[in-house]
Amino acid sequence: MKRILIPIAALLAATFAFAQDGAVTIGVSIPAATHGWTGGVNWWAERTEADLEGRYPNLNIVINSAGSASEQANDLQDMVAIDQIDALVILPFESDPLTDPVAQVADQGVFVTVVDRGLIDPTIRDVYVAGNNPQMGRVSCEYISERLNGEGNIVVLRGIPTVIDNQRVEGCMEVLEETDIEVLAMEYANWNRDDGFEVMQDFLSRFDDIDAVWAQDDDIAVGVIAALEQAGRSDEMFIVGGAGMKEMIKRVMDGDDLVPVDVLYPPSMIATAMEVTALAFVSDVPVLGEYILDATLITEENAERYYFPDAAF
Amino acid sequence: MTTPPDATATARPKRRIPWQTLTPLLGLVALVIVGSLMNPAFLSSTNIFNVLTRSAFIGIIAVGSTFVIIAGGIDLSVGSMAAFLAGAMILFMNAMLATGLPPLAVLGLGIVFALLLGLAAGTFNGMTITRGRIEPFIVTLGTLGIFRSLVTYLADGGTISLDFALRNVARPIYYGSFLGVPWPIWIFAIVAGVGALVLHRTRFGRYVFAIGSNEDVARYSAIRVQRIKTLTYVIQGFAVALAVIIYVPRLGSASGSTGVLWELEAIAAVIIGGTALKGGSGHVWGTIVGAILLSTIGNVLNLTDVISNYLNQAVQGVIIILAVLLQRGRSR
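Protein chains in written order, with our numbering: chain W, 1 to 313; chain S, 1001 to 1332.
Next comes chain W alone, as it looks inside the complex (with noise of 0.2 Å):
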């Protein structure tokens, strides 16, 4: 009895030095950089690691990228078992696998905060940090469609077919759909700079006439402007595109007639995420709840405040 009593006591006594120390570990979890707007998550996630626990001595911040929704399942379990984590910010891959892995964490006792794309059982979470993905389409072909005075013809190029890009296009026609402006063709480049660069030349080929490129991400949008470039049909036409990427917030700054704008949809919120997160832990002040990130436009007189060029992304 007394072998079996001696440990037990000791991993209480542990347990509770470990309380009193206030030591509190969260969990990030998030995709890796695979493309430009991971990318951002990722250096967001870094650079607020290190001013959370610059700010918070008892706070321990662990980072975890994965390559797949699998893999970042994979992670949660790590994290609870390891980690011993008492919060957890999650970007998830995809909603709905990863729903289940995230509901056992939560079980756990762990504060979970999801951030970006939402879970299938909104009630696992305890905060919800997100992006407006149908306000961000919105945004975006309502600037078009007051620049083109409600006429004209438009070429859309689509991010991967997920949940996001749907939103996004349903959005932007919902506007699109009162005015004269058609649609001339939409086609997957996958928020990619190589498939944004090859769908718009493609576009050109086909078509004499366009008025302005709906690339809804950055990196598409780079590609459609060297297509534009090398056809020499750059003053033809204005491109909107989306996230923040620093080169294109650039572009708006300097106003540039090929890039007047930008729409936010920005990899900082994973930032925020982690920042809410930490005051839930490190305050009293109220946090549970949802917190929906305006898709503000980027216009030439805002785009300084938008502008870090030190990120990554």
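Errors might be hidden in some of the hints.
[Claimed, not checked] Which stretches of chain W does chain S cover? Using the computed rule of at least three CB atoms under 8 Å from a CB of chain S, they are: (1) 25-34; (2) 191-200.
[Unchecked claim] Just so you have them, the derived chain W footprint on chain S, three or more residues with Cβ under 8 Å: (3) 1047-1055; (4) 1151-1161; (5) 1243-1257; (6) 1298-1304; (7) 1307-1313.
Since the hints were derived computationally from the structure, they do not count as laboratory data. Note that the structure is a prediction, hence the values are computed from the model and not measured. For glycine and all other residues, C-beta sits at the position ideal for the given N, C-alpha and C.
Assemble the complex: chain W is given as a structure, and chain S must be docked to it using the hints.
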């Protein structure tokens, strides 16, 4: 681009070979007819040059893959290697520019750097496979991951961008043209020509075929199997470097998403072109046709609304299978 296959094929005595050469070409011709019926813009010179220029990346890489596959090997790392070489080349050129060298000299150094690094990467793959006696599938699957992570690491998770001063100097490599034909197409043609010459007209080329058909027999025939096999991976690395040299000037950037799945496209181009995946037989001209066929499919799909966007990859899959089916049916 379309006449040389006949020329090489008829120059060889065997009667079976013209069919093998011609079937992928017939597939391409069929696709071109479909494309031009769907949209007249398809046959515009701009569009044709666009498609050929695009196919240059995969095409040049696939010429290298033809050597590797005929010798009975496989290289899965080429897409990641391309991304890594592109990233390293850009960082190297930016660093050189910072030392105050004139941009044109920096570009020259960058090209040499990329070629050397490509040779080194290929040598690493080849030596690990032959000296380490490890299956090429495993070695190159390993280096696929290594090269991919290295570029993400070099890019700090973001994108590596070429300095603006260099971009203007480098641009003509991709966007410039000679006698009205864009440079990438010339480079593609030269690589194809030299590749065909080496594979089909030299002793080295015959050894490559011999090893692919039967490695043991080749060894008993006093062929230095390990050396020849290693060399095929070195050629592959060199081909990837050449592709990177025309890729970098296009958008002036590289990231973790550069060249994703290029390895499968390159292998597909080789197989569509009539080379046997198990090695021992094949030819460079088929590979060229295969590469052009692949980028034509994407182009035709972009030029039409007939097929739902969601089905693009299904169409590509069907055409790839059909192209190979047609050819296997004929050759038997």
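Cβ contact check, 8 Å cutoff: the stretch 1243-1257 of chain S against chain W, three residues minimum
holds (count 6)
Proximity test - 8 Å, beta-carbon atoms, the stretch 25-34 of chain W to chain S, at least three hits
holds (count 3)
With a cut-off of 8 Å between beta carbons, are at least three residues of the stretch 191-200 of chain W near chain S?
holds (count 6)
Count the residues of the stretch 1298-1304 of chain S whose CB lies closer than 8 Å to any CB of chain W, then report whether that count reaches three.
holds (count 4)
How does the stretch 1151-1161 of chain S fare against chain W when you require at least three residues with a CB closer than 8 Å, holds or violated?
Check passed, 7 qualifying residues.
Using a Cβ cutoff of 8 Å, are there at least 3 residues of the stretch 1047-1055 of chain S near chain W, or does the coverage claim fail?
The restraint on the stretch 1047-1055 of chain S holds, since 3 of its residues have a Cβ under 8 Å from chain W and three suffice.
Apply the coverage criterion to the stretch 1307-1313 of chain S and chain W: a residue qualifies when its Cβ sits closer than 8 Å to a Cβ of the chain, and three qualifying residues are needed.
Result for this restraint: holds, n = 3.
Hint compliance for this structure: no hint is broken.
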